[in-house]
Amino acid sequence: MLKELCEMQGVSGDEGRVRDYIKKKIKNKVTEIVEDPYGNLIVRKGNPKEPRIMLAAHMDEVGLMITGIQKDGLLRFHAIGIMPHVLLAKRVLIGKDKVCGVIGHKPIHLAKDEEMKKIPDVKGLFIDIGVASKEAASKIVGVGDYATFDTEFREKGDIISGKAFDNRIGCHILLQLIESDLPLYYAFTVQEEVGLRGAGIAAYRIKPDIAFAVDTTSSGEWPEDKDVPQYPVIGKGPTITVADRRVICDRKIVQSIRKTAEAEQIPYQIKKPMVGGTDAGTMHLAREGVRSAVVAVAARYIHSPLAVASKKDISAAIRLIDCSIRKIVRKGKTWI
Amino acid sequence: MDLIEELCNTYGPAGREHLVRKLIQRELKDHCSEIATDRLGNLIVRFPPTRKSQSTDRIMLCAHMDEIGVIVTYIDKKGFLRFTNVGGVFPELTLNQRVIFENGTVGVIDIEPKKDSSKTAVKPTLQKMYIDIGARDQKNAEKMVQIGDIASFHQQALWLNDKRISAKALDDRIGCYCLIEVAKRLKATKNDVYFVFSVQEEVGLRGARTGAYAIAPKYAIAVDVTDTGDTPEAHRMEVAVGKGVAIKVKDSMFLANPMVKDRLVEYAKNLRVPYQLEILEHGSTDAAVIQLVKEGVMSGVLSVPTRHIHSTNELCDLKDVEGTISLLARVCEKGLS
Chain A
1 MLKELCEMQG
11 VSGDEGRVRD
21 YIKKKIKNKV
31 TEIVEDPYGN
41 LIVRKGNPKE
51 PRIMLAAHMD
61 EVGLMITGIQ
71 KDGLLRFHAI
81 GIMPHVLLAK
91 RVLIGKDKVC
101 GVIGHKPIHL
111 AKDEEMKKIP
121 DVKGLFIDIG
131 VASKEAASKI
141 VGVGDYATFD
151 TEFREKGDII
161 SGKAFDNRIG
171 CHILLQLIES
181 DLPLYYAFTV
191 QEEVGLRGAG
201 IAAYRIKPDI
211 AFAVDTTSSG
221 EWPEDKDVPQ
231 YPVIGKGPTI
241 TVADRRVICD
251 RKIVQSIRKT
261 AEAEQIPYQI
271 KKPMVGGTDA
281 GTMHLAREGV
291 RSAVVAVAAR
301 YIHSPLAVAS
311 KKDISAAIRL
321 IDCSIRKIVR
331 KGKTWI
Chain B
1001 MDLIEELCNT
1011 YGPAGREHLV
1021 RKLIQRELKD
1031 HCSEIATDRL
1041 GNLIVRFPPT
1051 RKSQSTDRIM
1061 LCAHMDEIGV
1071 IVTYIDKKGF
1081 LRFTNVGGVF
1091 PELTLNQRVI
1101 FENGTVGVID
1111 IEPKKDSSKT
1121 AVKPTLQKMY
1131 IDIGARDQKN
1141 AEKMVQIGDI
1151 ASFHQQALWL
1161 NDKRISAKAL
1171 DDRIGCYCLI
1181 EVAKRLKATK
1191 NDVYFVFSVQ
1201 EEVGLRGART
1211 GAYAIAPKYA
1221 IAVDVTDTGD
1231 TPEAHRMEVA
1241 VGKGVAIKVK
1251 DSMFLANPMV
1261 KDRLVEYAKN
1271 LRVPYQLEIL
1281 EHGSTDAAVI
1291 QLVKEGVMSG
1301 VLSVPTRHIH
1311 STNELCDLKD
1321 VEGTISLLAR
1331 VCEKGLS
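Just so you know, the protein sequences line up as chains A and B, in that order.
Residue numbering for the first sequence follows the numbering used here, beginning at 1 and increasing consecutively.
Residue numbering for the second sequence follows the numbering used here, beginning at 1001 and increasing consecutively.
Source of the hints: derived by calculation from the structure; they are not laboratory data.
It is possible that part of the hints are untrue.
[As the list claims (entries may be wrong)] Below, a list of computed lysine-lysine pairs in the DSBU-like style, where the Cα atoms sit at most 30 Å apart:
1) B/LYS1184 / B/LYS1218
2) A/LYS96 / A/LYS134
3) A/LYS252 / B/LYS1294
4) B/LYS1261 / B/LYS1243
5) A/LYS236 / B/LYS1128
6) A/LYS252 / B/LYS1029
7) A/LYS331 / B/LYS1029
8) B/LYS1114 / B/LYS1077
9) A/LYS327 / A/LYS207
10) A/LYS327 / B/LYS1022
11) B/LYS1029 / A/LYS333
12) A/LYS236 / B/LYS1077
13) B/LYS1139 / A/LYS236
14) B/LYS1022 / A/LYS252
15) B/LYS1250 / B/LYS1319
16) A/LYS118 / A/LYS25
17) B/LYS1123 / A/LYS118
18) A/LYS71 / A/LYS25
19) A/LYS226 / B/LYS1077
20) A/LYS226 / B/LYS1123
21) B/LYS1078 / B/LYS1123
22) B/LYS1143 / A/LYS312
23) B/LYS1114 / B/LYS1078
Please work from the sequences and hints to get the whole structure.
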């Protein structure tokens, strides 16, 4: 299932395929499914009592959008949330028909000395779809088409690699949790990568007391000589967020999750504070406010054509969220 | 120790306002019947109308409890803590300060590299700084502090003379103090008055937004500190310490509702409270988000002119504070209609 989720095209604003896939997977397992006007999939399982808890995972991934077609048939594009370093010489799939293209670059034989040393600006990059004119290109692609990296999902032992781990891993975790007997609200949200847009609307609709964002986070591993932060590390458990750029997580909930992890002997790591942002950033400000937390799976090289993560972390995240929610539910109304 | 000193000295960086909240609860519990903490941690105190009136308005007064701080991002092998900012921390004002964690652990901040001081002198960054908590090594440090722990700056408030105080976190404990004093003195009102002691202002005006959503007031007044232009070679600004409460006209995210602003000016004149009109070019306050909640809220701001904002030695004048309190008391009694 994770393979199918990750190989699907679903850049911010174009989450339809992922949404339809998820809908099909869960329709016989949940009580109510609503597709809201913004594109979020709002799911109710059973009859959640107080405290109302929602879990959110965003369906969108980072990607490209075609912004222009040149006379010579090459395509101009915008990239959101991706550094130019990782774009060069990558294969992409464009639009509904998955037209194959290559992000062009100057080969070593033609590059001048100074060009070899620097990374070109995204504005100077183009996608080559193997046609020689604007007319020919216009027949198969158009301005506004989305493009994703053409990356196959692979696994070897515990390690998986592929595109769109951010955040199909989160979607996968929610789909696993839906199988449990927990009465909960689930939101598969849109447009997280362009500003946490869908989640705030979803939380407004659900009116939860407590919200969990389930996401991926950048691994901190990098070969360094100096004594500098090297966390989180893949394979050492899911991360718990204390604070990031958009939310300071609810202190009691964070404490409760940490205690649960320790009691259940689930490994966990604290996410690097004050970097990044997830759906919790908008959910916690919905209506009168929502107590919010973030549980994430660390992945190396996210926001690129290829990320690397550990399956152990995913199953530990599922268990950690499941156990934490059961404990919160047992305590009941004191959370409101 | 008086209440202003106690408020300022209390630990309360953004997201960790509980001790400040407890202190305010202690002060107000005998003065009000409705006091509650909401999900994000805002303390909301309500004074329902004491007499029947045709024109009962919901009025929200707001001051934030949180202060700026630092958060631990890494503990190195020798036991030094790396950190980053929580809210608008100026690196050049951070160097060689003391910080204190919730559990009382105190540390001092220094910077690398020591071998070439010309490199650090230009523009210090937090990335180059570390907190020394006196730990022997990483293991020892981890017994005192963990990654994700938040510290506030550590400084004791001090009256420089009988009217002027120097303290950390006057931004915005002085606003909290004003609200506490108004609440204590409030006898009768025809309005439905809510005092909101908000959380997480310093990281993006977060608590005030959800607090205002819950209350849905017609009017709101945020009480905060504002910058001044009265120090040597300061930037140009028409506000000075000791010249009266500042009635805000504009800041970088907010235009005061003209009716509210004019009413505040009128009350100040009636009460013979000295006032100044404030235009703040950089920065903003809770009112910027409150005004946009639900169908919109007619909002204004009263500011206590304060020097050296976001340093460990902010300075304000009690005369300005007293003016702010008188003006707020009048707002509670008479409303803003």
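Against the structure, the hints come out as follows:
no. : hint                  : verdict
1   : B/LYS1184 / B/LYS1218 : 23 Å, holds
2   : A/LYS96 / A/LYS134    : 19 Å, holds
3   : A/LYS252 / B/LYS1294  : 29 Å, holds
4   : B/LYS1261 / B/LYS1243 : 18 Å, holds
5   : A/LYS236 / B/LYS1128  : 28 Å, holds
6   : A/LYS252 / B/LYS1029  : 24 Å, holds
7   : A/LYS331 / B/LYS1029  : 27 Å, holds
8   : B/LYS1114 / B/LYS1077 : 18 Å, holds
9   : A/LYS327 / A/LYS207   : 21 Å, holds
10  : A/LYS327 / B/LYS1022  : 27 Å, holds
11  : B/LYS1029 / A/LYS333  : 24 Å, holds
12  : A/LYS236 / B/LYS1077  : 20 Å, holds
13  : B/LYS1139 / A/LYS236  : 19 Å, holds
14  : B/LYS1022 / A/LYS252  : 16 Å, holds
15  : B/LYS1250 / B/LYS1319 : 23 Å, holds
16  : A/LYS118 / A/LYS25    : 46 Å, violated
17  : B/LYS1123 / A/LYS118  : 27 Å, holds
18  : A/LYS71 / A/LYS25     : 44 Å, violated
19  : A/LYS226 / B/LYS1077  : 11 Å, holds
20  : A/LYS226 / B/LYS1123  : 22 Å, holds
21  : B/LYS1078 / B/LYS1123 : 26 Å, holds
22  : B/LYS1143 / A/LYS312  : 28 Å, holds
23  : B/LYS1114 / B/LYS1078 : 16 Å, holds
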